[in-house]
Amino acid sequence: MGLEAYLFRIKFQKPVDANILHYFLKNYGFKTLKRRGGLISKYREGFYELASEKGITEIHLLVPPNEKSVKDIHVRFSVISPPSVINQTFEFFKVLKEKFNLEVQDTEVGNHIWLNKTKLEDRKMTDLINNIPDEETFEKNAKKDVIPIDINEFKKNKLGIRKRKLVLLDHPKKKPIRCEDTLKNMGKGDLIPLMHLD
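Numbered per the working numbering, the sequence shown finishes at 235, counting up by one with no gaps.
Just so you know, not all the hints are guaranteed correct.
As the list claims (entries may be wrong) - Taking lysine-lysine and the BS3-like style, the derived pairs with C-alpha atoms no more than 27 Å apart in a straight line are: (1) 51 - 91; (2) 131 - 202; (3) 48 - 195; (4) 131 - 192.
Keep in mind that the hints were calculated from the coordinates and are not lab data.
Using the sequences and the hints, build the whole thing.
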């Protein structure tokens with residue numbers, strides 16, 4: 038995930054049937070944008086969005102080969118969304134948690150910690166690629182990203198996460214926008230430069 042999106046991982050405590058999740062999202066108000074793959078022996082995925090005046094919350098669901106259930110889904114919104122997209126997304130998290138046993142992982146927490154712990158010259162993609170953790174190590178590391186489903190706590194931004202500062206900034210040019218359209222709009226002056234957020 039790049040600069041354009043603020044990304045969460047929803048980790049289910051028990052695998053959830055993908056069809057049950059699909060209909061839950063539809064009943065909640067998410068629109069199915071695209072579904073790919075049909076053979077159970079292949080990866081299957083779905084892309085969904087909840088669009089309103091508050092913003093656009095997007096979901097990606099990926100079902101592994103020969104499986105009918107998912108262990109997680111990814112939720113995101115554009116970093117140049119209005120701050121109200123946070124409310125919309127966290128309201129969804131609360132309802133989702135009432136239905137399924139889950140935890141919310143804010144992937145930007147881990148990114149923020151890593152960026153603050155490493156010098157620019159030490160950030161080598163080859164090191165990241167060569168040190169991809171196994172699933173157990175990955176899940177252990179991801180526990181550090183778990184956040185409460187608490188809008189007010191999220192908005193306090195105690196760690197000073199830059200992407201979160203950007204979303205929290207209220208600005209008249211901010212409007213509901215898809216993540217895929219964010220980079221196009223950055224060049225049009227719609228994005229507040231990050232240097233103004235410190």
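- Does the structure break any of the earlier hints, and which numbers would those be? 1
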